[in-house]
Amino acid sequence: RFRTGYYSHWEIVEEIRLIGPRETYDIEMVDEPANYVANQFITHNSYGFNRAHAAEYAMIAAWEMWLKVYYPIEYMTSILTVGNPDKKAEHIQEARRLGLSLVLPDINESKATDWVADEEGNLLIPFSEIKGIGEMSSNEIVKKRTPARFGRVTMDKAGPYKDVDDLKKRVIKRKVNARVVKLLQAAHCFDDTEASLIVSSIPLC
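Numbering (the UniProt record's numbering), first residue to last: 1 to 205.
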């Protein structure tokens with residue numbers, strides 16, 4: 001190799017031999033100047049993982065371990081929300097290993113797409129995790145549950161849903177249709193609503 005100014009130029013590489021105590025490669029290349037680049041530095045197995053990257057990954061791993069030990073709830077809700085969807089089953093298994101419990105979606109507590117924790121530290125499943133319910137429907141449920149504000153003035157006092165009928169009155173039918181409502185009921189999302197609690201407290205005999 002020879003240098004001209006700030007640029008390096010490679011002569012035609014015809015042969016590489018073992019010349020030192022370190023393990024290298026004994027290869028021969030055809031006499032084409034572009035081959036050394038075209039083969040993506042074959043002497044590095046097509047990819048040389050530099051130390052800067054290795055150090056960064058080690059730091060990230062250390063941060064994650066620290067968060068998992070001292071803030072397991074915050075860590076698991078974050079990783080379940082923004083982590084790799086293909087690894088969600090692994091994350092749920094890890095959450096259970098850490099002693100965290102998953103609870104069914106709650107129509108008045110669950111978020112649209114974000115995993116959160118309830119007052120007891122259980123992981124609350126978002127609406128979008130229910131099979132058949134998309135992000136649009138999930139956002140509509142949360143939107144009509146949350147009071148709309150204009151500056152400091154509350155424009156729409158929505159509040160918690162009282163029951164299924166209350167939900168049907170508030171949401172836009174195009175976004176939350178009858179099929180979605182049935183899926184919410186099947187997932188026991190209304191079990192803790194005011195109407196359900198009143199009915200469950202009535203003695204049957």
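Hints are supplied without guarantee of correctness; some may be wrong.
To be verified - The list that follows gives simulated cross-link-like pairs (lysine-lysine, DSS-like), each with its CA atoms no further than 27 Å apart:
#, residue 1, residue 2
1, Lys168, Lys144
2, Lys175, Lys131
3, Lys182, Lys162
4, Lys168, Lys111
5, Lys131, Lys88
6, Lys131, Lys111
7, Lys111, Lys68
8, Lys143, Lys131
9, Lys131, Lys169
10, Lys169, Lys182
11, Lys87, Lys111
12, Lys144, Lys87
13, Lys143, Lys68
No lab work stands behind these hints, which were simulated from the structure alone.
Status of the hints after comparison with the structure:
About 10 Å separates the Cα atoms of lysine 168 and lysine 144, which keeps this hinted pair within 27 Å; it holds. For the hint pairing lysine 175 with lysine 131, the CA-to-CA distance comes to about 16 Å; that is within 27 Å, so the pair holds. For the given pair, lysine 182 sits about 16 Å from lysine 162 by alpha-carbon distance, which is consistent with the 27 Å threshold. For the suggested pair lysine 168 and lysine 111, the alpha carbons sit about 18 Å apart, so the restraint of at most 27 Å is met.
Our distance criterion of 27 Å between C-alpha atoms is met by lysine 131 and lysine 88, whose separation comes to about 14 Å. With a C-alpha separation of about 15 Å, the suggested pair lysine 131 and lysine 111 falls inside the 27 Å cut-off, and the hint holds. Among the hinted pairs, lysine 111 with lysine 68 is consistent with the structure: their alpha-carbon atoms are about 23 Å apart, no more than 27 Å. Restraint check for lysine 143 and lysine 131: the C-alpha separation of about 20 Å stays at or below 27 Å, so the hint holds.
Proposed proximity of lysine 131 and lysine 169 is supported: the alpha carbons are some 23 Å apart, at most 27 Å. Among the hinted pairs, lysine 169 with lysine 182 is consistent with the structure: their alpha-carbon atoms are about 15 Å apart, no more than 27 Å. With a CA separation close to 21 Å, the supplied pair lysine 87 and lysine 111 stays within the 27 Å bound. Pair hint lysine 144 plus lysine 87 does not hold up; C-alpha atoms about 32 Å apart against a cutoff of 27 Å.
With a C-alpha separation of about 32 Å, the suggested pair lysine 143 and lysine 68 falls outside the 27 Å cut-off, and the hint is violated.
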